[in-house]
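Whenever a hint applies, use it, and build me the whole structure from the sequences.
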Amino acid sequence: MRRQAFALLALAPGAAAAQGAVAPQFRWITFLVFGAIIAVTMAVTWLAARRVSTTTQFYAAGRSISGIQNGWAIAGDYLSAASFLGIAGLISLYGYDGFMYSVGWLVAYVTVLLLIAEPCRNIGKYTLGDILAFRNQPKAARTVAAVSTILVSIFYLTAQMVGGGVLVKTLIGIDYEVSVIAVGVLMLAYVIFGGMVATTWVQIIKAVLLVTASLLLVFFTWLPHGFSLPGFLDVVVADPKVQAQVAKLVGDPASGMTAAELGQRFLEPGLYLKNPIDQISLGMALVLGTAGMPHILMRFFTVPTARDARTSVIWAMAIIGGFYVLTLFLGLGAAINVGPAAIAAVDAGGNMAGPLLAQYIGGGAESLVGNFFLAFVAAVAFATIVAVVAGLVLASASAMSHDIWVGVVKGEHATPAQEVRAARVSALIVGVVAITIGILAKGQNVAHLVALAFAVAASSNLPAVLLTLHWKRCNTAGVVLGMAVGALAAIALVLVSPNMTYPNAVRAANEPIVAAAPAKIAAAEAALGTAVDPAAQATAEQALEKLRAELAIAQGKLSAVEGRATSMVGLEAPLIPLRNPGILSIPLGFLCVWLGSLLYRDRRAEERWEELYVRQNTGIDAEGASGH
Amino acid sequence: MAARPLDWAAIHRDPRFQELHRRKARFLWGLMGFSILYYFALPVGAGWFQPLFRQRVWGPVNVGLAFALSQFVVAWGIAWWYARRANARFDALAAELARDAPRIGGAP
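Going down the list, the protein sequences come from chains D and A.
Each step along the first sequence adds one to the number in the numbering used here, with nothing skipped, and position 588 is 819.
Each step along the second sequence adds one to the number in the numbering used here, with nothing skipped, and position 61 is 283.
Hints may contain errors.
[To be verified] Quick list of in silico lysine-lysine cross-link-like pairs, DSSO-like style, CA-CA up to 30 Å:
#1 D/K673 / D/K788
#2 D/K356 / D/K703
#3 D/K505 / D/K777
#4 D/K356 / A/K246
#5 D/K703 / A/K246
#6 D/K505 / D/K703
Just so you know, the hints here were simulated from the structure itself, not pulled from any lab data.
Since the structure is predicted, the reported quantities are computational estimates derived from the model, not experimental observations.
So this is what it looks like as structure tokens:
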């Protein structure tokens, strides 16, 4: 079976330890740390709530965030649990390929820095819709911008809510539904009462915690190896646990390889990512999609000037890039200290690599310090989810209230008080929808929704924004056509891709497991019966447990597709081999903006071009931090 | 500022704006193009040039790993270079235009 790109947070149901990685007697530490985080962020929200009365305060924190603060907030908005846990996990299981993954997340900010951040600050007020409505027909532009913003946010939100729920269950054993509701209620409290001011500070606090935790882990991982890169990698290559993992991954050819060759193979490409075209497609979605992510764009409206927007991206790049370099040491450190097999035993996707490394560094599963570290990292992961989700909810609530309600329904006639109230109601609606989807999607594999969110942003938002800002002939027809076609193409391509569940393929993969299980279980039971000493008995019991768990998973997968022969859209097999639609849908989005603009004339877009182009390049007359 | 709306077309025609726009466009799109090429060389190399990526250059560090790490250095380098250029030159040109904007073009 081909491995899935973007398997981040794709926790297989049942694979997670039912009791949670943090032992019950140490759970109070997680609650204590997380309680402290909640107390601090709630205090910030309470302070913010007294200031948040105007629209500029609610949507853009009064444009009073400094460049450095905004850089940290961007990092907090962007570094999701998928990055923190998922990428470290992929590196711990697959070595080089996992690290290759992390590169695109930083390079994405070169696009943001060079093409998007400053023009957006100079042109926009609060939303993506503001930028597109500047020269295009405002109602049409705001409508497509809002629909796209909400679509992208909902895809990303669902992945975060479901991933977060599973994660919290895996870490501390709290019920899935309870943790989804807890994330939802917390995030709503920040957004509704504190608006952008509180959201910004929650993101800053989370980013500082995440970076601190990662730095500490890497410091203690690297310390025994004298902070030497080759020295550390020599240990990785020589590690028997790593060599065993590579032998398992490469299969038959491994028999002809020496132990050193097996270890070295861990640092070479090709253990996880098998399809280069899919990789390039994913890279395109990341590098172009980040610049079209509404919750990232929105952050540039919180600083007073374009120069501060520039400073904030530079800081964000330093923090985000530094963090992704650290993931290499987190992942490899987990591989040599905990071992890929032990990591995959707690969670098949490797998401527990970072937390387990923390436990090891503190002294192991039996020690107080080890469990304190683990509990601390679990609390940071929870804070991470809440901060990202808050940014997404604020972005879609702004699109609903500012673009749809005020811009389209009320024809730009609403008092600031009315608009802030509408924004709060919108946040409540989005939040309730997110919690509901999160609960309904329990047990679904939603990992591909992260990739889809980036692909839609890259195929729809980015072409429209980029060409509106930089191409004279761009107009309303192009923006509407390009955004609609780009978004629909990305979604349609995923619906016919291998990401969907194909019942026949599921049966082909799992029926042999179920058929072979009784004989294997009988053999294991016999082995248990003949085991003489306690050690052999324990080993046999473990083997039996593992077989029974495998059988249960296979049976679960089979019953989920029982009586069906086709996927959600009625296909027996995928129409395209690509999991990531970007390589097709991004050029299509650009093409349609171009085509629509050429086919239709729009006087307003032409007349306002010079004003837009001067403004975006110079920041003349841009709305500043003064009393708006 | 609110005394008279700015004459955007005239500012757009102003030679100083044209100069700013030309310099910025050349610099930004050039850097952007380089960044895209450099980044996509990574999946291309990992997919189709694996023998090259496996060459060891520094102990266990191979070409692929060194190239992946260099992506971070290059991205930071681009950010540093752009910020230096923008802070030193583009901002000064833009500030000059902003100062003179009310007096450019149009009848008072």
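Going down the list of hints, with the structure as the test:
The hinted pair formed by D/K673 and D/K788 meets the criterion: a straight-line CA distance of about 14 Å does not exceed 30 Å. At roughly 22 Å between alpha-carbon atoms, D/K356 and D/K703 fall within 30 Å of each other, so this suggested pair holds. About 28 Å separates the Cα atoms of D/K505 and D/K777, which keeps this hinted pair within 30 Å; it holds. Pair hint D/K356 plus A/K246 holds up; C-alpha atoms about 23 Å apart against a cutoff of 30 Å.
Proposed proximity of D/K703 and A/K246 is supported: the alpha carbons are some 16 Å apart, at most 30 Å. A C-alpha spacing of about 42 Å is found between D/K505 and D/K703, which places the hinted pair above 30 Å, so the restraint is violated.
Taken one by one, the earlier hints fail for this structure only at number 6.
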